[in-house]
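Single-letter residue listing:
There are 2 protein chains.
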Amino acid sequence: MTSFHFTLHKTDGLARLGTLHTAHGAVQTPTFMPVGTAATVKAMAPDDILATGAEMILGNTYHLMLRPTAERIDRLGGLHTFMGWSRPILTDSGGYQVMSLSALRRIEESGVTFRSHIDGSEHVLTPERAVEIQRLLGSDVTMVLDECPPFGVSEDEHAASMRRSMRWAERCRAAWTPRDGYGLFGIVQGGTFPDLRAESAAALQAIGFEGYAIGGLAVGEDAATMLSTTESTTAHLPADRPRYLMGVGKPDQLVGAVLRGIDMFDCVLPTRSGRTGQAFTRHGTLNLRNACHVDDTSPLDADCRCLACSNFTRAYLSHLTRTGEILGAMLLTRHNITFYEDVMAELRTAIAAGNAAAWSETFLARYRETPR
Amino acid sequence: MTSFHFTLHKTDGLARLGTLHTAHGAVQTPTFMPVGTAATVKAMAPDDILATGAEMILGNTYHLMLRPTAERIDRLGGLHTFMGWSRPILTDSGGYQVMSLSALRRIEESGVTFRSHIDGSEHVLTPERAVEIQRLLGSDVTMVLDECPPFGVSEDEHAASMRRSMRWAERCRAAWTPRDGYGLFGIVQGGTFPDLRAESAAALQAIGFEGYAIGGLAVGEDAATMLSTTESTTAHLPADRPRYLMGVGKPDQLVGAVLRGIDMFDCVLPTRSGRTGQAFTRHGTLNLRNACHVDDTSPLDADCRCLACSNFTRAYLSHLTRTGEILGAMLLTRHNITFYEDVMAELRTAIAAGNAAAWSETFLARYRETPR
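Protein chains in written order, with my numbering: chain C, 1 to 372; chain E, 1 to 372.
Each hint should be verified, as a subset may be incorrect.
Identical copies look the same in the list; a pair holds intra-copy or inter-copy alike.
Derived DMTMM-like pairs: lysine to aspartate or glutamate, alpha-carbon spacing no greater than 25 angstroms straight-line [claimed, not checked]: (1) K42 - D240; (2) K42 - E325; (3) K42 - D295; (4) K250 - E170; (5) K42 - D296; (6) K42 - E109; (7) K10 - D74; (8) K10 - E199; (9) K250 - E71; (10) K250 - E369; (11) K10 - D342; (12) K10 - D252; (13) K10 - E231; (14) K10 - E361; (15) K250 - E109; (16) K42 - E231; (17) K42 - E128; (18) K250 - E361; (19) K250 - E199.
Quick caveat, the hints were computed from the structure, so don't treat them as lab data.
Start from the sequences and build out the full structure, keeping to the hints where you can.
Spelled out as structure tokens, the structure:
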């Protein structure tokens, strides 16, 4: 069994080319992890995910602990076996969804008590339980339980919340059982306050983790602030560990974050948008519901290799979207994930060649064209 | 271009082994046509359909004339090109859906006036327009417009309706433009009254069609009556033309109908059931919502070659169904269609070997076992 580790092959400015080694194989970074909330990347079979170029997916502890429960998944052989995905899986800790989805939550030093958004049942998530759930799931990367304050709270509230998250991180580390090939990531909090981010990054490194995530961004701040906070935070993170920007984002934001030293991403945007008729392309975003597409025989993106772009017209994709057909969600999800993975692959090639900044400038100019 | 024709290779009792030749290729019969209502077999990409073994699909004139309209599909290159399906397509005439789905319909000698179930707009469907729409779609097999009376109306009402359908069939034939590789099918009506069925079959043959369908069954009569009506009707149909039993049915009904001389089937059951968690297997039907499946690590059907049975457990399929995940619909639809196509393939093999009756007895005994 390979031990869990990260190899940094090359840097180009702040951008990094690396490989993350896990129990379920290697992942080339920068990488984008499609979100597989409830043990499925919505509208995709595992082979469909592989065909996009994705090497690692994300699972949501919150959803899985409620249905079908971590104990059931463990009995059934773990999350990889359960969902038929043999490559690496990262799971979040459930903290973010508890804050955003559940009802009647109560946050205390011990942990979070909440009611399920599905049936109203009461559940408790502590740092120790979050680590246990992710062990039962068999996640290659376990995330520490943290609190993600809503956008706009004061610096004092951010400081208090971040410091509690750091105490939770320490409890997660203590609850962790080391296993060959598996890793635990800490999460830097502190809102958009550089001093708090620096304090959080230092606190996590004092504990020591196999990787470091930046949490609490893309929650309402503007894109420039998100990127500047990312850059000021990565400056405080060790070079030899992977860096994961949680929940980000749009294609241009991913490119900007890679240029600022990020290695890993996840976001529901490409999957969720695929189910509502929005497509991301090299020429910007398209809404397939718009009337301009109903007679358009061109592909979604002439430069894309995915099933949707190789075999179907915008007119057909528009028809599927307008009639609410499942195939529309299937094809647009495949396209969007393929596009995200292609952006990552092109960035890796550019970093290897030492021209990440130039590639990004060309990409962004084209991406920000008027959608057509 | 191959001319449209049917080759009868062998009979075994009343069961028939044949090949239907069309503009878009050959179809081995008996065959089951998955229903692709709105230019998509729901939850399946064209390659997924091919993988099931299906060689021909059905499209619904009613849905397509409303969205995206026959004229738009024609402008976009026809239904095959539009939906990326290069094999044969049969379209119904729209008559059945007008009766079952639309609002405020008015049936007159000239045709049917109805309001769309989508937006309430008024439309007229005449025999001539039904043929024109199917020509615009580019269907390999066009069905005549007919009236399908509800179950339970009197023999006199059935007689009057059937005779009007025969006059409409004659108008469809007159409106038909012969094209190499394309065919027009008549539809036998007459409810469960053998004399009316015989009269209808004779009337259609006097007009002359490339194939003959049996309509108006599986609308509420019991299974035995459905099969006996099928048998008494096929006795009046010419041996050298394909016979299509419309809208039937469950796997055991298909087997019974093949033994009574039917060559072609369509039904929404395998696709629709797949979206609600019902699976058809060699051991009967299963409802994946049932609690007995949540910890079951066995495949849906150990003898099935489909993606769902090769890669996933009943526990996982149950989870997907219970959480309403699109992948559940995708996998169960693939399984159900694969099962239907495998039943057809095994029947073809049995007919070729001259043991269709024995194969059917074994199949039905196993199929009618208590589901497990």
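Hints, one by one, checked against the model:
In this assembly of identical chains, K42 and D240 lie within 25 angstroms of each other by CA distance neither inside one copy nor across copies; the values are 33 angstroms within and 48 angstroms between. Taking the shortest Cα distances, K42 and E325 sit within 25 angstroms of each other both inside one copy (14 angstroms) and across copies (7 angstroms). Proximity of K42 and D295 under a CA criterion of 25 angstroms is satisfied inter-copy only: 22 angstroms between copies versus 28 angstroms inside one chain copy. Taking CA atoms no more than 25 angstroms apart as the test, K250 paired with E170 passes in neither setting, with 32 angstroms inside one copy and 59 angstroms between copies.
In this assembly of identical chains, the alpha carbons of K42 and D296 lie at most 25 angstroms apart only when taken from different copies (23 angstroms versus 27 angstroms within one copy). Neither within a single protomer nor between protomers do K42 and E109 lie at most 25 angstroms apart by alpha-carbon distance, with minima of 35 angstroms and 49 angstroms respectively. In the homo-oligomer, the alpha carbons of K10 and D74 never lie at most 25 angstroms apart, since the shortest distance is 38 angstroms inside one protomer and 54 angstroms across protomers. Within a single copy, K10 and E199 get their C-alpha atoms no closer than 28 angstroms, and across copies no closer than 82 angstroms, so neither meets the 25 angstroms cut-off.
Taking the shortest Cα distances, K250 and E71 never come within 25 angstroms of each other, neither inside one copy (35 angstroms) nor across copies (38 angstroms). Taking the shortest Cα distances, K250 and E369 sit within 25 angstroms of each other inside one copy (15 angstroms), while across copies they are farther apart (53 angstroms). For the homomeric pair K10 and D342, the shortest alpha-carbon distance inside one copy (19 angstroms) is at most 25 angstroms, but the shortest distance between copies (53 angstroms) is not. In this homomeric assembly, K10 and D252 come within 25 angstroms of each other (Cα to Cα) only inside a single copy, at 22 angstroms, whereas the closest approach across copies is 63 angstroms.
In the homo-oligomer, the alpha carbons of K10 and E231 lie at most 25 angstroms apart inside one protomer (18 angstroms), although the nearest pairing across protomers, at 75 angstroms, exceeds that limit. When the C-alpha separation of K10 and E361 is checked against a cutoff of 25 angstroms, the pair qualifies only within one copy, where the shortest distance is 20 angstroms, while the shortest distance between copies is 68 angstroms. For the identical chains of this complex, K250 and E109 are neighbours neither inside a copy (34 angstroms) nor across copies (58 angstroms), given an alpha-carbon limit of 25 angstroms. In this assembly of identical chains, K42 and E231 lie within 25 angstroms of each other by CA distance neither inside one copy nor across copies; the values are 32 angstroms within and 45 angstroms between.
For the identical chains of this complex, K42 and E128 are neighbours neither inside a copy (29 angstroms) nor across copies (44 angstroms), given an alpha-carbon limit of 25 angstroms. Taking identical chains as interchangeable, the C-alpha atoms of K250 and E361 lie at most 25 angstroms apart only when both belong to the same chain, with a minimum of 16 angstroms there against 59 angstroms between chains. For a Cα distance limit of 25 angstroms, the shortest separation of K250 from E199 qualifies neither inside one copy, at 28 angstroms, nor across copies, at 66 angstroms.
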